[in-house]
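Novice: Following the hints, complete the assembly by docking chain A onto the known chain F.
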Amino acid sequence: MGIMTLGNMFGKMLKMHGLNVVTVNDFPSLIRGGHNTNYIRGDSEPIYSAIKQIDVLVGLNKEAALRHYNELSKGGALIYDESKVKLAEGEIKRGDIRVFPIQLSAIALKVGGEIFFNTVALGAACALVSIEFAVIEDAMKQTWGRKGPEIVQKNINAAKEGYQAIKSVLKEQFKIKIAKVGPDNQILLTGNDAACIGAVKAGVKLVAEYPMSPSSSVLHFMAAHEFSHSIVVKHTEDEIAAMNMIAGAGAAGVRALTATSGGGFSLMAEALGLAGLSEIPCVIINVQRAGPSTGLPTYGEQADLKFALCASQGEFPRLVCAPGDVEEAFYETFKMFNLTDLVQTPGIVLLDKELSDGYQSTRKFDTSKLKVERGKLLSDAQLDGKADYKRFEITEDGISPRPLMGQKNGLFVATSYEHDETSFTTEEPKLRVGMIDKRWRKIKNIKSSDIVPKYYGDANPDLLIVGWGSTKSPILESLKFAKKAGMKVGYLHIVWMYPFASNEILAALKTAKKVVGIEMNSTGQLRDLVRERTGFYIPDSQMYLKYDARPFYPEDIFEFVKNQIERK
Amino acid sequence: MIMATLASFNNTNKIQWCPGCGDFAILLAMKNAIASSGLEPHQVCVSSGVGCGSKLPHYIKTYGFEGLHGRSLPPATAIKLSNHELTVLAVGGDGDGYGIGLGHFLHTCRRNIDITYIVQNNQIYGLTTGQTSPTSEKGTKTRSTPHGVIELPVNPISLAISAGASFVARGFSGDLKHLSELIKLGMAHKGFALIDVFQPCVTYNKVNTFQFFQQRCYKLQDQQGGWDTTDKIGAIAKAEEWGEKIPIGIFYQQKRPTYEDELPQLSKVPLVRQPIDNIDITKLMDEFY
Chain F
200 MGIMTLGNMF GKMLKMHGLN VVTVNDFPSL IRGGHNTNYI RGDSEPIYSA
250 IKQIDVLVGL NKEAALRHYN ELSKGGALIY DESKVKLAEG EIKRGDIRVF
300 PIQLSAIALK VGGEIFFNTV ALGAACALVS IEFAVIEDAM KQTWGRKGPE
350 IVQKNINAAK EGYQAIKSVL KEQFKIKIAK VGPDNQILLT GNDAACIGAV
400 KAGVKLVAEY PMSPSSSVLH FMAAHEFSHS IVVKHTEDEI AAMNMIAGAG
450 AAGVRALTAT SGGGFSLMAE ALGLAGLSEI PCVIINVQRA GPSTGLPTYG
500 EQADLKFALC ASQGEFPRLV CAPGDVEEAF YETFKMFNLT DLVQTPGIVL
550 LDKELSDGYQ STRKFDTSKL KVERGKLLSD AQLDGKADYK RFEITEDGIS
600 PRPLMGQKNG LFVATSYEHD ETSFTTEEPK LRVGMIDKRW RKIKNIKSSD
650 IVPKYYGDAN PDLLIVGWGS TKSPILESLK FAKKAGMKVG YLHIVWMYPF
700 ASNEILAALK TAKKVVGIEM NSTGQLRDLV RERTGFYIPD SQMYLKYDAR
750 PFYPEDIFEF VKNQIERK
Chain A
16 MIMATLASFN NTNKIQWCPG CGDFAILLAM KNAIASSGLE PHQVCVSSGV
66 GCGSKLPHYI KTYGFEGLHG RSLPPATAIK LSNHELTVLA VGGDGDGYGI
116 GLGHFLHTCR RNIDITYIVQ NNQIYGLTTG QTSPTSEKGT KTRSTPHGVI
166 ELPVNPISLA ISAGASFVAR GFSGDLKHLS ELIKLGMAHK GFALIDVFQP
216 CVTYNKVNTF QFFQQRCYKL QDQQGGWDTT DKIGAIAKAE EWGEKIPIGI
266 FYQQKRPTYE DELPQLSKVP LVRQPIDNID ITKLMDEFY
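Chains as they are written, first to last, in the numbering used here: chain F, 200 to 767; chain A, 16 to 304.
Keep in mind the hints are simulated off the structure, nothing from the lab.
Heads up, some of the hints might be wrong.
Claimed, not checked - Chain A regions said to be covered by chain F (calculated; three or more residues, Cβ under 8 Å):
id: 1; stretch: 98-107
id: 2; stretch: 135-149
id: 3; stretch: 154-160
id: 4; stretch: 170-181
Stated by the list, open to error - For the chain A half of the interface with chain F, some residues (derived, Cβ under 7 Å), not all of them:
id: 5; residue: 23
id: 6; residue: 52
id: 7; residue: 53
id: 8; residue: 89
id: 9; residue: 90
id: 10; residue: 93
id: 11; residue: 284
id: 12; residue: 287
id: 13; residue: 289
id: 14; residue: 291
id: 15; residue: 296
id: 16; residue: 299
Treat the numbers as computed from the prediction; the structure is a model and nothing was measured.
C-beta atoms are modelled at their ideal positions from N, C-alpha and C, and glycine is treated no differently.
Chain F extracted, bound-state conformation (with noise of 0.2 Å):
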């Protein structure tokens, strides 16, 4: 097992006492080796962020256990592989922290093989933190039951050695003790894991989507779902058929998707215009990562938010949502769909790398008010005797009531032509302005309720932060830091990006006595947005941006917090 799957695995046992969890996965563009790290924070309190301080390391290796040692809190424990790692006399220089060497690959190969070296560490981590070693029967039993029994078993026999190791050198009890906080009532996912369920829920039948990282798992959650969903799920050629196919599914009448991140997104912007011309609603998830190009395939940046409100030539209402965290990357995903029916169009979820496949424990999703909404859709009987149905017909809230492709009476042509109300193609100047007039005009029927920001801390903010996407978790756990410190300090976390309730958001901005941005970008994507929707500008000094292509830390952004609350 690779360390990402231990990792998700001591996060889950976290979360079986009670705990909530966070998960953060730090690993290059390699298949295997390369410096990878898995993170995981537990807490009874809600948590939001990974913190700079960490209480266990587990070092796999030496440059892991060099690396991080110095991450360590007063009295943390650093346990590494005794048999493979030999640290010499001096080289860990602190006195306040304990190490456990343990022959964690000679007790691998002697429960079965190399390959347990991850599970004989995941047992002595348990063990050096209390974990009852049911819970970790309880927890691979429930994970890999459906790899069979022997595996199952050969894994916990490799957990109990790493778990025994630890406990027969533990003489005093170490500083966290996990402990039954609370029912085991959340569920464990990563932001690519939320929106394909609410694409599911939202009732997508057809995904075509090429392999892109940070976006395939939406591939493979979609492709492991397409029977017991009834999905069509097709890993195309390249991005460009993946997203004519879902504008040509789009306009024969069913739900879908596509996946992708930056590079395949460029590929997708011909046929992006096309849906947005054609009137034809469809959905990208466009997880962003470092670029341009290439860029840091595995690492993260928010660096899209321009590219896609503007991707494609001319001039066509597209929406473009950001999700934060995964309640909202279920949600928003879920409404996305509904709204790009509701004004036929297409619409783009931007979900970065570090919410894409960063776990994060949440209550399940509250189905009750989520109700499939599909528009203007034409029944068999409104279309009946219908002899000069006209799909593109001019308005007054400029939606064209649209057929199911094979309906009587619906016959239209989806085109990438400017078209008259038929859809035959035209270059008459009047008949221009009325279509793309009308195709604006769509956008208002989008209610505001739909797409007002979201709003955290204080109502009277001495300093308010302004971010989106997954910043918005290190942002509220700084938030945490700051009232601790007696600071006011708010957030407005803005979702959707298209349209953008510019009213409310320059409400928002204009209560607090200072305002800042905080972006994943080296230009201040959000802010120039916000300029020129608000006219409210955020000047470079009051902007904490982040290009490392590494997540922000909430002790950093706190720092910063102080500043500009010192400053003025």
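Specialist: Just chain A, lined up with the frame of chain F:
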């Protein structure tokens, strides 16, 4: 119930092709094939890319998808998957299908989705006013190759066969009856059918003219002893024949399951009519419990 006739597929849109263009015959052949297959307009969708010939969906009264240059096949595939009860045809030129869209062409061949792809092959780019195409012969002088094409032309017939297309034929717009029959057979075929059609461009191709093909084309199925359409290697070899005599007709046909046949999701109701109002996601969430 009144059967649809040829006229049922006529509309009043003004056709924007040059007088004498081979596309007129292809349009008529498609209407012939569709009407004589007993289909009604709402049971058919014609997809295309961009080019002179790709304007065709506007000139036939069916559902249509006039997409992007080179991209007629991905939407056609998706439309078929969305409603597999529809008869789906795709049309486009040689530049559209064998140039910019070549990748989709090969992958759709191996996918064996049940659609019929008609390529209006005039060996030239017409809509962009006369540049070389992937099927222009070596040495052809055009506005983009004033000193003659250096590359060899692609051979769509042998490409399609080796890529896994299960029905591969060639027609000539100068033989309407034969072409109508080919299209009808292609539509009746279960799987991906390519019908490459010689369609002389009266404006930009002064070499591969109507007379050029009229003098050279002969029908595979009419020759003495007929033609064995199950012989894959023989068909690929036959596709090399070019010169004084050029074969038209069905080169190759193979019986094998279509892409849709292998999808249990489509075994009953088409995707487009499957209810989505109340999808239960409890089990999906439980996977993360």
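Novice: Hint by hint, say whether it matches the structure.
Specialist: Structure-based check of all given hints:
For a cut-off of 8 Å, the count of residues in the stretch 98-107 of chain A with a CB near a CB of chain F stands at 3, and the three-residue condition holds. Coverage of a stretch by a chain is defined here by at least three residues with a beta carbon nearer than 8 Å to that chain's beta carbons; for the stretch 135-149 of chain A and chain F the count is 0, and the condition is violated. Only residues whose C-beta sits within less than 8 Å of a C-beta in chain F count toward coverage, and the stretch 154-160 of chain A has 0 of them, not enough to reach three; the restraint is violated. With 0 residues carrying a beta carbon less than 8 Å from a beta carbon of chain F, the stretch 170-181 of chain A misses the three-residue requirement, and the given coverage is violated.
Against a cut-off of 7 Å between C-beta atoms, the interface hint on residue 23 (chain A) is violated, since the closest Cβ of chain F lies about 11 Å away. For residue 52 (chain A), the interface hint is violated, the least distance from its beta-carbon to any beta-carbon of chain F being 16 Å, above 7 Å. At about 16 Å, the closest approach between the beta carbon of residue 53 (chain A) and any beta carbon in chain F exceeds 7 Å, and the interface hint on this residue is violated. Here the hint on residue 89 (chain A) is kept, as its CB sits about 4 Å from the closest CB of chain F, short of 7 Å.
Because the closest C-beta pair between residue 90 (chain A) and chain F is about 3 Å apart, less than 7 Å, the hint holds. With a least beta-carbon distance of about 3 Å to chain F, the hint placing residue 93 (chain A) at the interface is held under the 7 Å criterion. Restraint check, residue 284 (chain A) versus chain F: the minimum CB separation of about 9 Å is more than 7 Å; hint violated. This hint holds: residue 287 (chain A) has a C-beta 5 Å from the nearest C-beta of chain F, less than the 7 Å allowed.
Satisfaction of the interface hint for residue 289 (chain A) is found here, the shortest Cβ-Cβ separation to chain F being roughly 6 Å, below the 7 Å cut-off. The closest approach between the C-beta of residue 291 (chain A) and any C-beta of chain F is roughly 3 Å, which is under the 7 Å cut-off, so the hint is satisfied. Because the beta carbon of residue 296 (chain A) sits about 5 Å from the nearest beta carbon in chain F, less than 7 Å, this interface hint is met. A least Cβ separation of about 5 Å between residue 299 (chain A) and chain F falls short of the 7 Å threshold, and the interface hint therefore holds.
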